[in-house]
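Those protein sequence lines, which keep their order, are chains A and B.
For the first sequence, numbering that gives the first Met the number 0 begins at 0 and goes up steadily by one.
For the second sequence, numbering that gives the first Met the number 0 begins at 0 and goes up steadily by one.
Take the hints with a grain of salt, since some may be wrong.
Unchecked claim - Derived list of chain A stretches under chain B, where covered just means 3 residues or more per stretch with a C-beta under 8 Å from a C-beta of chain B: (1) 35-45; (2) 71-83; (3) 255-264.
What the hints contain is simulated information worked out from the structure, not anything from laboratory work.
We put the CB at the ideal spot given by N, CA and C, even for glycine.
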Amino acid sequence: MTAYLLRRIVSGLVTLVVASIVVFSVLEVIPGDPARLMLGMNATDDAVQALRVQMGLDQGFLIRYFHWTGGLLTLDFGKSYTYSVPVGELIAERVTVSLPLALIALALSTAIAIPVGVFAAARRGKPADTISMAVAQVGVAIPNFWFALLLVYLFAVWLQLVPAGGFPGWQAGIGPALKALILPAIALALPQAAILARVSRSALIEVLGEDFIRMARAKGLSRNAALWRHALRNAMLPVLTILGLQFAFLLAGTVIIENVFYLPGVGRLVVQAINQRDLIVVESVVMLLVASVILINLLVDMAYAVVDPRLRTRA
Amino acid sequence: MTIWKSVFAAALMALASGTAHAARTDLVLGIPLEPPHLDPTAGAAAAIDEVLYANVFEGLTRIGSRGEVLPALAESWMISDDGKTYTFKLRTGAKFHDGTDFDANDVKFSLDRARADDSTNAQKGLFAAIDTADVVDPATLRVTLKNPQGSFLYNLGWGDAVIVAPESAETNKEKPVGTGPFRFDRWAKGSSITLVKADSYWGEPVALDRAEFRIIPDAAAAVPALLSGDVQALPNYQLGDALPQVESDPRFKVVIGSTEGETILAINNKKPPFDQLKVRQAIAHVIDRKAIIDGASGGYGVPIGSHFSPANEAYIDLTGTYAYDPAKARELLTEAGFPNGFKTTLKLPPVGYARDGGQIIASELRGIGIDAEIIPVEWADWLKQVFTEKDYDLSIVSHTEPNDIDIYARKDYYFNYDNPAFDKVLEELHLTSDGAKRKELYGTAQKILADDAVNGFLFELPKIGIWDAKVEGLWENSPIQANDLTKVRWAD
Chain A
0 MTAYLLRRIV SGLVTLVVAS IVVFSVLEVI PGDPARLMLG MNATDDAVQA LRVQMGLDQG
60 FLIRYFHWTG GLLTLDFGKS YTYSVPVGEL IAERVTVSLP LALIALALST AIAIPVGVFA
120 AARRGKPADT ISMAVAQVGV AIPNFWFALL LVYLFAVWLQ LVPAGGFPGW QAGIGPALKA
180 LILPAIALAL PQAAILARVS RSALIEVLGE DFIRMARAKG LSRNAALWRH ALRNAMLPVL
240 TILGLQFAFL LAGTVIIENV FYLPGVGRLV VQAINQRDLI VVESVVMLLV ASVILINLLV
300 DMAYAVVDPR LRTRA
Chain B
0 MTIWKSVFAA ALMALASGTA HAARTDLVLG IPLEPPHLDP TAGAAAAIDE VLYANVFEGL
60 TRIGSRGEVL PALAESWMIS DDGKTYTFKL RTGAKFHDGT DFDANDVKFS LDRARADDST
120 NAQKGLFAAI DTADVVDPAT LRVTLKNPQG SFLYNLGWGD AVIVAPESAE TNKEKPVGTG
180 PFRFDRWAKG SSITLVKADS YWGEPVALDR AEFRIIPDAA AAVPALLSGD VQALPNYQLG
240 DALPQVESDP RFKVVIGSTE GETILAINNK KPPFDQLKVR QAIAHVIDRK AIIDGASGGY
300 GVPIGSHFSP ANEAYIDLTG TYAYDPAKAR ELLTEAGFPN GFKTTLKLPP VGYARDGGQI
360 IASELRGIGI DAEIIPVEWA DWLKQVFTEK DYDLSIVSHT EPNDIDIYAR KDYYFNYDNP
420 AFDKVLEELH LTSDGAKRKE LYGTAQKILA DDAVNGFLFE LPKIGIWDAK VEGLWENSPI
480 QANDLTKVRW AD
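Sequences and hints are given; from them, build the entire structure.
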């Protein structure tokens with residue numbers, strides 16, 4: 000177990016270093032001068048040059064790379080070109096929106112998907128199965144920004160239950176903050192739930208065909224007891240993999256939803272930073288996302304070990 | 000009896016005060032772009048001025064809703080006979096929001112800072128004519144110019160020329176401190192910027208207690224926000240298909256105004272074959288402005304025939320210089336030696352009017368054999384490739400700075416246009432302060448650009464604003480990029 004974990008951690012660290020080199024060089028290559036972008040078309044060349052010096056852009060590539068990575072090691076992400084505030088502060092603010100949003104969405108999608116998956120698998124081939132999987136198929140196919148707008152028109156414009164978008168900040172209280180996050184979380188969760196439901200159904204069906212289930216049934220366990228007690232646990236491995244992937248997606252891939260609900264999340268920060276060539280912000284956020292994906296994968300690997308005792312002893 | 004009378008009167012009064020509820024004093028406005036920071040003297044982003052100009056920061060002069068120059072922190076001024084010395088009499092009693100007093104030293108500081116060697120002012124050119132700024136006494140400032148400048152008072156009204164205090168200049172990006180009727184309250188990054196009424200304001204107090212600018216990047220999201228009442232005004236959005244949805248709703252006012260944005264088909268005037276006048280004239284003849292306005296701007300926007308705003312009193316209509324005439328265009332192209340047309344490129348920045356307008360123009364050009372390959376680029380890319388390196392043939396962009404016809408006299412500007420006759424007119428204009436004479440010179444300048452077919456002149460970008468029918472005092476037009484809230488109030 001320890002060796003297994005150690006191997007995963009080392010490979011994670013190597014990935015981080017490689018990622019930092021790739022991210023930094025790729026962003027160096029894309030055209031566009033942050034200083035010119037900030038000062039616009041009417042600015043004189045010497046004003047642009049003065050700003051470049053102020054931003055530290057007049058230094059060489061390697062100096063800036065080591066300056067940046069050196070900072071990362073001490074958790075100092077540098078200073079945003081456009082906002083001129085520490086990048087760490089900027090990201091921290093955004094994470095307080097994106098992380099709860101991702102967690103709520105993940106919880107919602109799991110809470111919907113697994114019962115649906117179990118329900119469909121237990122009634123394989125029957126109308127209930129066909130209908131729930133057809134609904135799931137539609138859920139996978141619906142573009143989430145469109146679904147999000149439907150939710151807004153229904154719950155915000157028509158019923159006036161929740162705000163149409165925006166985020167009041169946690170200092171406005173838990174209630175208003177959660178109210179602002181609930182529609183985006185649903186819009187994010189449902190398509191994810193649809194995928195997850197399909198995966199858990201097929202994983203369950205596969206397990207239900209295994210000998211040990213027949214054995215359990217032969218020993219007199221009811222169908223449902225066999226399903227919940229033995230089959231589900233064994234079907235969890237593929238479900239966990241998908242969950243891990245989905246969480247990484249939820250953290251990074253919420254750009255569209257954050258736009259529709261104009262939430263100040265990490266996804267929007269990145270898009271904005273790319274457009275404004277606020278490279279240091281882009282680099283740092285991407286690194287943070289890489290790190291969290293690695294961390295999530297590590298957690299998923301550890302969860303495998305919990306679910307599947309063989310992994311614990313084998314290594 | 001008298002007792003009953005007074006009881007009755009008191010009851011009536013209580014009732015009256017209960018029903019005559021006070022008008023609302025808060026307003027939430029949606030804006031599509033978040034300002035990168037909050038210092039108007041250190042960035043070109045329109046979003047900075049759209050939040051802060053006239054609200055938090057003031058200059059010596061300010062630009063009014065019709066583009067006129069009004070006194071602001073300068074109460075009045077005297078101009079010497081040679082047009083080179085301006086003596087400003089300043090407001091007394093004005094205070095910065097941090098409590099410090101405003102006086103001539105702050106003005107001198109602001110002007111000197113903006114034109115210093117290490118200045119990062121995006122419009123440093125506005126201050127180029129200043130030779131010295133001297134404090135005469137705390138309420139008087141004298142500015143000496145190197146040469147007379149007709150637009151000097153107008154220039155001082157730009158957001159880039161607002162007065163800042165030495166104590167707070169460095170921190171204005173995060174915590175703006177000005178002299179305006181609103182003071183900065185809070186910036187929730189990515190979400191909103193809140194201003195509150197400044198009680199210490201020197202002038203007429205504003206009706207609003209609180210104004211919040213909420214950042215809603217997507218027009219499709221801004222409309223439901225308005226419909227649900229979360230925001231009460233969208234002062235400037237390119238709404239496109241969403242517009243009819245609100246237009247028919249009596250709860251809202253749809254106000255179509257003008258901006259200072261000349262939308263042009265930029266042409267690289269030095270790059271063959273565009274260095275031939277006939278080729279540029281051919282392009283001008285093939286542009287169907289109405290089709291472009293309908294397709295790229297939802298039918299809103301005024302056609303232009305030169306680089307000048309129709310809202311300006313010196314505007315002359317030159318759209319007939321090269322009227323839409325594809326046959327004539329083909330003829331000119333043949334005369335220029337391209338009977339079968341040629342291949343070229345059209346680089347389009349990521350804005351609706353450019354991307355949609357580009358499709359229409361490309362198909363119009365194809366009609367006379369010019370095969371323009373469309374290349375979509377991002378803003379940063381556009382600024383680098385097209386604007387800085389001049390690596391382009393054709394492009395579409397809106398020049399949103401007010402009164403910017405002088406860019407055609409700039410050497411090395413990305414149009415690569417060079418006409419000594421035009422430069423001479425601009426030079427004269429620069430030195431003229433007489434209104435009538437200036438108007439005439441502006442006319443001549445417009446005519447030269449139109450005749451030379453420097454660029455394809457398309458249309459003036461409209462300002463499409465939607466707000467609650469009870470909100471009054473928001474600007475209909477946009478002579479400068481600002482949301483001046485000083486006169487905004489809720490009708491009872």
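Now the hints, each set against the structure:
1. 35-45: holds (count 10)
2. 71-83: holds (count 3)
3. 255-264: holds (count 7)
Checked against the numbered hints given earlier, this structure breaks none of them.
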